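Q: Chains as they are written, first to last, in our numbering: chain Y, 68 to 248; chain F, 1417 to 1615.
Simulated from the structure, these hints should not be mistaken for lab results. The model shown is predicted, which means the values in this text are computed figures rather than measured ones. Please note: incorrect hints may appear among the correct ones.
[Claimed, not checked] DEER-style ranges, computed between Cβ atoms: (1) Y:PRO139 to F:LEU1462: 42 to 50 Å; (2) Y:ASP222 to F:ALA1613: 17 to 25 Å; (3) Y:SER189 to F:ILE1542: 18 to 26 Å; (4) F:LEU1574 to Y:LEU140: 55 to 63 Å; (5) Y:ALA92 to F:ALA1604: 42 to 50 Å; (6) F:PRO1481 to Y:ASP193: 21 to 29 Å.
For glycine and all other residues, C-beta sits at the position ideal for the given N, C-alpha and C.
Listed below, chain by chain, are the residues.
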Amino acid sequence: MPVDASAHLVNTGLGPIYDGIVHFAMSPEAILPIVALGIFAGLRGLNHARASVLILPVAWVAFGLVGMLFGPLALNPAIESLPLLILGALAAADIRMPAWGTGSLALLLGAFEGYNFGSAYSAARDGFPALTGSAGLVFVLIAFVSAAVLKAKWDWTRIAVRVVGSWTAASGMLLLGWGLR
Amino acid sequence: MRRSALRGMGLFATAFLLSAGVAEAHVGTGGASGFATGFIHPITGLDHVVAMIAVGLWGAQLGKPAIWMLPITFPLVMAFGGFLGLLGVSMPGVEIGIALSGVLLGAAVLTETRPPLFAAAILVGIFAIFHGYAHGAELPLGENALFFSLGFVIATGLLHAVGIVIGLLYQWPWGKNTVRAAGGAIGAVGAVFLWNALA
């Protein structure tokens, strides 16, 4: 008699919420764009940081549920490089844009990565707790990075975080080339 | 004209989105070795090392804003060169370009050349494409692409940082000679590589 599927990408033994947290913590391709978004939002100011912190986790959960419903899409893996490339470049260039623009970027990133995470749990019966676990760490990460950059008072700290953005974008560019090769 | 260009871009985007990728079972494996391989890759080439340090030295010698513009823009331009190399786009004279970067950047530091910022940025950018292309064309298959790329970019960035830290000596009179001497040494190393590339 077939049993229920209980697929888990990471199994901590502590339950699905912790599995979701560790899954996100072990996914640098999802962490780096969020760090880049946090840097960009922090450099732009308080309203941008607030928009990112509010919208990103909500979009993550919402589109994660959609991903759980529809399952993985057959997309070219090179697409994963685009959030790194775009958000890293924006952080490196410290481009001026309205707060709703930053919020839109947070929405797009949350939709893309949230869908990816949600679709990975589509075969799991208890995917929702894992998704909320990952979204919790997403919230902590975006809040921490954007707040740290907001509080950066010296010129060299702002330059240092822009260098991190530049390195993220450069890695994204190489990753894109790698994926298209 | 504009409509056809938009249609072409739309077709490209659609083809890109729908193209099937390679199977990636066991996602996330090989991260540590990929990072280490990528980190070591730019450090093992002396021609690359001296040119990266020269960029940092020159940036420090030129002062603000070059000192912070170079480490932000260089990795991006270099990655674009790597992107071209990964795609297999043909680029002749890469080794000569890399050797020339050591010669000219070393000479710029030695002679304390102070061109306009945009001219310095363009010169460094052209050399960045050569360096990135050479590494992109040599990237090994089978490594974790993200970790390899991160290691590669971080190592290059740290080489700039080494150059910038040495270049900070420039603010003292005795340090000026040290920085210029380092530029001269880099130029000499570049000349050896240029000789080999042309031979």
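Q: For every hint, state whether the structure bears it out.
A: Each hint tested on the structure:
For the hinted restraint 42 to 50 Å between PRO139 (chain Y) and LEU1462 (chain F), the CB-CB distance of approximately 45 Å keeps it satisfied. The supplied range of 17 to 25 Å is broken by ASP222 (chain Y) and ALA1613 (chain F), whose beta-carbon atoms lie about 40 Å from each other. Here the CB-CB span from SER189 (chain Y) to ILE1542 (chain F) is close to 48 Å, at odds with the stated 18 to 26 Å. The supplied range of 55 to 63 Å is broken by LEU1574 (chain F) and LEU140 (chain Y), whose beta-carbon atoms lie about 37 Å from each other.
Checking the proposed 42 to 50 Å range against ALA92 (chain Y) and ALA1604 (chain F) shows it holds: the Cβ atoms sit about 48 Å from each other. The hinted window of 21 to 29 Å between PRO1481 (chain F) and ASP193 (chain Y) is violated, with their beta carbons roughly 53 Å apart.
When held up to the earlier numbered hints, the structure conflicts with 2, 3, 4, 6 and fits the remainder.
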